[in-house]
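Chemist: Listed in order, the protein sequences are those of chains A and B.
Numbering of the first sequence is given in my numbering, commencing with residue 1 and proceeding in unit increments.
Numbering of the second sequence is given in my numbering, commencing with residue 1 and proceeding in unit increments.
One or more of the hints may lead you astray.
Stated by the list, open to error - Below 27 Å or equal to it, Euclidean Cα-Cα: the simulated BS3-like pairs (lysine-lysine) are: (1) K369(B) to K135(A); (2) K236(B) to K369(A); (3) K266(B) to K236(B).
What the hints assert, rightly or not - Listed next, with one range per pair, are the computed distances between beta-carbon atoms: (4) Q242(A) to I88(B): 27 to 37 Å; (5) P193(B) to G305(A): 51 to 61 Å; (6) Q167(A) to P472(B): 47 to 57 Å; (7) G291(B) to D276(A): 53 to 63 Å; (8) Q360(A) to N453(B): 31 to 41 Å; (9) H416(B) to D364(A): 51 to 61 Å; (10) K226(B) to Q360(A): 19 to 29 Å; (11) D364(A) to I88(B): 25 to 35 Å; (12) D263(B) to T86(A): 53 to 63 Å; (13) P193(B) to D276(A): 53 to 63 Å; (14) A267(A) to A98(B): 48 to 58 Å; (15) E10(B) to R330(A): 48 to 58 Å; (16) D276(A) to K226(B): 47 to 57 Å; (17) A79(A) to P193(B): 49 to 59 Å.
Said to hold, decoys possible - Simulated coverage check for chain B against chain A, where a stretch passes if three residues somewhere in it have a Cβ under 8 Å from a Cβ of chain A: (18) 6–16; (19) 52–60; (20) 292–298; (21) 353–363; (22) 393–405; (23) 432–443.
It should be emphasised that the hints constitute simulated quantities derived from the structure, not laboratory data.
By construction, the Cβ of each residue, glycine as well, lies at the ideal position given by its N, Cα and C atoms.
Each chain, letter by letter, is given below.
Number of protein chains: 2
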Amino acid sequence: MKRYEVLAKEIEGSILAGVLRNGDRLPSVRSTSTSRGLSASTVFQAYYLLEARGIIRARQRSGYFVNWSSRKAPPTVDAPSQPANTPISVDVCARVFAILESTRSRNVVPFGSAFPSPLLFPLARLGRSMAQSAKNFEPWDTVDYLTPGSPDLRRQIALRYLADGMQVHMDEIVITNGALEALNLCLQAVARPGDAVIVECPTFYGALQALENHGLRAIQVPTCPKGGIDLPSLEKTIQLHQPAACWLMPNFQNPLGTLMAEDKKKALVELLTRHDVPLIEDDVYAELYFGDKRPLPAKAYDTTGIVMHCSSFSKCLAPGYRIGWSAPGRYARRVAQKKLITTLTTSAPAQGGLANYLEQGGYDKHLRKLRQTLAEQQRIFSQAVGHYFPAGTRATRPEGGYFLWVELPEGVDAMHVHERALAMDISVAPGPIFSASHAFKNCIRLNFGHAWNDASERAMAALGKIVASSAPITVGAVAR
Amino acid sequence: MKRYEVLAKEIEGSILAGVLRNGDRLPSVRSTSTSRGLSASTVFQAYYLLEARGIIRARQRSGYFVNWSSRKAPPTVDAPSQPANTPISVDVCARVFAILESTRSRNVVPFGSAFPSPLLFPLARLGRSMAQSAKNFEPWDTVDYLTPGSPDLRRQIALRYLADGMQVHMDEIVITNGALEALNLCLQAVARPGDAVIVECPTFYGALQALENHGLRAIQVPTCPKGGIDLPSLEKTIQLHQPAACWLMPNFQNPLGTLMAEDKKKALVELLTRHDVPLIEDDVYAELYFGDKRPLPAKAYDTTGIVMHCSSFSKCLAPGYRIGWSAPGRYARRVAQKKLITTLTTSAPAQGGLANYLEQGGYDKHLRKLRQTLAEQQRIFSQAVGHYFPAGTRATRPEGGYFLWVELPEGVDAMHVHERALAMDISVAPGPIFSASHAFKNCIRLNFGHAWNDASERAMAALGKIVASSAPITVGAVAR
Numbered sequence: 001m002k003r004y005e006v007l008a009k010e011i012e013g014s015i016l017a018g019v020l021r022n023g024d025r026l027p028s029v030r031s032t033s034t035s036r037g038l039s040a041s042t043v044f045q046a047y048y049l050l051e052a053r054g055i056i057r058a059r060q061r062s063g064y065f066v067n068w069s070s071r072k073a074p075p076t077v078d079a080p081s082q083p084a085n086t087p088i089s090v091d092v093c094a095r096v097f098a099i100l101e102s103t104r105s106r107n108v109v110p111f112g113s114a115f116p117s118p119l120l121f122p123l124a125r126l127g128r129s130m131a132q133s134a135k136n137f138e139p140w141d142t143v144d145y146l147t148p149g150s151p152d153l154r155r156q157i158a159l160r161y162l163a164d165g166m167q168v169h170m171d172e173i174v175i176t177n178g179a180l181e182a183l184n185l186c187l188q189a190v191a192r193p194g195d196a197v198i199v200e201c202p203t204f205y206g207a208l209q210a211l212e213n214h215g216l217r218a219i220q221v222p223t224c225p226k227g228g229i230d231l232p233s234l235e236k237t238i239q240l241h242q243p244a245a246c247w248l249m250p251n252f253q254n255p256l257g258t259l260m261a262e263d264k265k266k267a268l269v270e271l272l273t274r275h276d277v278p279l280i281e282d283d284v285y286a287e288l289y290f291g292d293k294r295p296l297p298a299k300a301y302d303t304t305g306i307v308m309h310c311s312s313f314s315k316c317l318a319p320g321y322r323i324g325w326s327a328p329g330r331y332a333r334r335v336a337q338k339k340l341i342t343t344l345t346t347s348a349p350a351q352g353g354l355a356n357y358l359e360q361g362g363y364d365k366h367l368r369k370l371r372q373t374l375a376e377q378q379r380i381f382s383q384a385v386g387h388y389f390p391a392g393t394r395a396t397r398p399e400g401g402y403f404l405w406v407e408l409p410e411g412v413d414a415m416h417v418h419e420r421a422l423a424m425d426i427s428v429a430p431g432p433i434f435s436a437s438h439a440f441k442n443c444i445r446l447n448f449g450h451a452w453n454d455a456s457e458r459a460m461a462a463l464g465k466i467v468a469s470s471a472p473i474t475v476g477a478v479a480r
Numbered sequence: 001m002k003r004y005e006v007l008a009k010e011i012e013g014s015i016l017a018g019v020l021r022n023g024d025r026l027p028s029v030r031s032t033s034t035s036r037g038l039s040a041s042t043v044f045q046a047y048y049l050l051e052a053r054g055i056i057r058a059r060q061r062s063g064y065f066v067n068w069s070s071r072k073a074p075p076t077v078d079a080p081s082q083p084a085n086t087p088i089s090v091d092v093c094a095r096v097f098a099i100l101e102s103t104r105s106r107n108v109v110p111f112g113s114a115f116p117s118p119l120l121f122p123l124a125r126l127g128r129s130m131a132q133s134a135k136n137f138e139p140w141d142t143v144d145y146l147t148p149g150s151p152d153l154r155r156q157i158a159l160r161y162l163a164d165g166m167q168v169h170m171d172e173i174v175i176t177n178g179a180l181e182a183l184n185l186c187l188q189a190v191a192r193p194g195d196a197v198i199v200e201c202p203t204f205y206g207a208l209q210a211l212e213n214h215g216l217r218a219i220q221v222p223t224c225p226k227g228g229i230d231l232p233s234l235e236k237t238i239q240l241h242q243p244a245a246c247w248l249m250p251n252f253q254n255p256l257g258t259l260m261a262e263d264k265k266k267a268l269v270e271l272l273t274r275h276d277v278p279l280i281e282d283d284v285y286a287e288l289y290f291g292d293k294r295p296l297p298a299k300a301y302d303t304t305g306i307v308m309h310c311s312s313f314s315k316c317l318a319p320g321y322r323i324g325w326s327a328p329g330r331y332a333r334r335v336a337q338k339k340l341i342t343t344l345t346t347s348a349p350a351q352g353g354l355a356n357y358l359e360q361g362g363y364d365k366h367l368r369k370l371r372q373t374l375a376e377q378q379r380i381f382s383q384a385v386g387h388y389f390p391a392g393t394r395a396t397r398p399e400g401g402y403f404l405w406v407e408l409p410e411g412v413d414a415m416h417v418h419e420r421a422l423a424m425d426i427s428v429a430p431g432p433i434f435s436a437s438h439a440f441k442n443c444i445r446l447n448f449g450h451a452w453n454d455a456s457e458r459a460m461a462a463l464g465k466i467v468a469s470s471a472p473i474t475v476g477a478v479a480r
């Protein structure tokens, strides 16, 4: 890297870190030249570069000013979805696999990834807990850790429920290979092949894949980025189709990032209880809130054991450990049995290592830092979308998690954008994989869980150009 | 423990360890009294105790002699099974759960357990490998270890195939949460709900539970403790019912312990290839052979990718780690996809720890010791069954694994024996859980994978009495 590039990068870092704020005046070329021991022309080159990238702006006879938040986030996505109210068979697996496969290379800019950056997690500290736990591992632990799982780990999880004011007994908790297994086991515990299951539209493609895999049909219910699933539609659908279960994410829904209001969660559970429809609650992003307080799960409002709460440590502490759990209410025994006959139990050393980490403390401190980082990254990513994407683009501004849901100008084909971006080693998650009806053709999901850097800046600029040139009406193009 | 009990236990230990062999004369009471610094009456009491337990015998004017192998193993089980040749729906889960649940307490003598003793495994050495691997864990490993799994671990597994003369490329290998997940994924990859799948009769209850869970029907084919599945019956059944797959254990079948001859494995694979029926090969006991050489899997004879080989480290190295794998031939991609949508991937630290252990060497040395121990324990258990069980009892004498299949005298109800034994804190695995037709009503499976001790001796004596008193015609009892 040349000297002026190093300097430009440093200044950009100060801006991204909030040391230099929007409107701040940069030190003059002369003073920077002196303080850094660089030639004036090197400093000039650095400032030109930043100006060219739209990060600073020269004002005549006044010097250079930070111009970052001239980058404005795009308008928000507000409209509810409008899926047809009929059970349909699901056929998303092949498409999802093709897309996921294409985004696995480390050379690809991971906007389409489902995972946050592994650099966000205290892996060294976890490693020490693993080592400590492995050293003290007793032979009979292999038996004691059998499903439902390590008593120590289940106690730690029960304590975290308690800290949120919830009484979940450790005997209700089943440790699983991540939340994905927990969700799949819950689904199997309450639904038989051919049954219909309610999902939101759009929804996590993993839910759709699970339905497809178990021969279940999906009934899609309208949801809104602002408030979540539409309860009147939900009730109508239940009355019409007697679903075997309802699979929802009240906290920071994937892909919309929606946070359902507490009183709405309560109303949701009451509605489902009235109709005796079990709720499979996917709650893996709840710890990643940007507000003051961890949002409660719908399970907090459950009085009859109808909510099967599923979560994990994969998104907030220990990716790759595959430690998740379910607290499946009245279905706990059935879920444990499904686990026993499919994967028997969860890796004992991983259970022991996590229990050790949680007992030692430090988890909450890590979480506070993680939430701050993600909130900051969301701001940067949102503004970059606003800066580089064409007019007509909208995006969510979720209060937690690490996904932006971006609505591209009408007529832009997200699958097409995905393919063109991938050819440039940039991944995006195209909208059509998030519904059984392959809707949301002009939407993409972007992951802001990776640190912003030069590559992200270049990739977002390139993506903006792809989107702009994919809009059906451009200068010289014929309208479709 | 009293002094004479300590002495008796020591002598018993020498006998069990083979230091004192059958027919050996014990040191005289006087010389033992002198060498141990114990009173003559203490030594006498010890000898009486051992005599009362049938382990030594006094010969008039000659002293005491080891009498252990006056314990003879019972006659072997030779007859093939004769299940009906029709697909039937499976309904074993509830019964299996009830039985497994009852055998989980550590206070219960684990004859009915499915697991070998955790004390047989190098858990401390594994712990060091876990610690080392956790210390060197790189953040991006969490991504690199995603399904199909850690390249290092898959390479180590491929090397073990190679050592057996088999070419299995590491790209074919999918790491799973133990063999049970591997088997379930393979089943899902080739069979759809409603399909029929061939199993042996008797077979591992986990296979039956998997069929039940996935809504598949079982077709049971006769098998024989001496040679394994009957190939002509198998071919006839295939022609009649077009099964979606065949789930077998050619090496040390559970529960019979049968080892299929190499040329028969070859013939089996040829037959299945001819009819295009995939073989799900459960090979978890192969490393536990008592002969000279690891028996080859059926996969060794596969030329078209029709064999889905499944195994794990759970029975031979690392119980509780939940590291298994499949090498599913032409179905590798489908199996990996099923894994991605159900449990995503396998615990990264457990994968890393095992790869580290295998790279460091020492596995084969551990296995040699383990095999010796199990072979020795089989001898002791077999002889104890012969000693304590009533005439008419037969038992297998497998060349590997850690199960005895015991055929009780005709008319003895294994479920009844199970219940009465459990009331005395002794578990057995009753025959009816090993077939879809709930057959083998007078059979039990005994686990000899736990060290023989006083409690085993007492438990086996009690079990023998239960069986004897459960025979339908006993003195003073009315024939049923």
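Chemist: For the hint 48 to 58 Å, verify it against the beta carbon of A267(A) and that of A98(B).
Modeler: Roughly 40 Å apart at Cβ, these two residues miss the hinted range, so it is violated.
Chemist: Given the hint of 53 to 63 Å, check if D263(B) and T86(A) actually sit that far apart at their C-beta atoms.
Modeler: holds, 57 Å
Chemist: Quick one: are E10(B) and R330(A) within 48 to 58 Å, going by C-beta?
Modeler: holds, 54 Å
Chemist: How does the region 432–443 of chain B fare against chain A when you require at least three residues with a CB closer than 8 Å, holds or violated?
Modeler: Contact hint for the region 432–443 of chain B vs chain A: violated, 0 residues under 8 Å.
Chemist: Just to be sure I understand the hint, the distance between the Cβ atoms of A79(A) and P193(B) should be within 49 to 59 Å; is that true here?
Modeler: violated, 39 Å
Chemist: Could you grab the alpha-carbon distance between K266(B) and K236(B) and see if it respects the 27 Å cut-off?
Modeler: holds, 18 Å
Chemist: If I claimed the Cβ atoms of G291(B) and D276(A) lie 53 to 63 Å apart, would that claim hold in this structure?
Modeler: holds, 58 Å
Chemist: Apply the coverage criterion to the region 393–405 of chain B and chain A: a residue qualifies when its Cβ sits closer than 8 Å to a Cβ of the chain, and three qualifying residues are needed.
Modeler: It is violated, with 0 qualifying residues against the three required.
Chemist: Return holds or violated for the Cβ distance of D276(A) and K226(B) against the range 47 to 57 Å.
Modeler: About 54 Å separates the Cβ atoms of D276(A) and K226(B), which means 47 to 57 Å holds.
Chemist: With 47 to 57 Å as the target window, see if Q167(A) and P472(B) comply at their CB atoms.
Modeler: holds, 53 Å
Chemist: That 51 to 61 Å hint for P193(B) and G305(A) (C-beta), does it hold up?
Modeler: Violated, at about 28 Å.
Chemist: Do three or more residues from the region 52–60 of chain B put their C-beta atoms closer than 8 Å to C-beta atoms of chain A?
Modeler: violated (count 0)
Violated hints, in rising order: 2, 5, 10, 11, 13, 14, 17, 18, 19, 20, 21, 22 and 23; the structure is consistent with all others.
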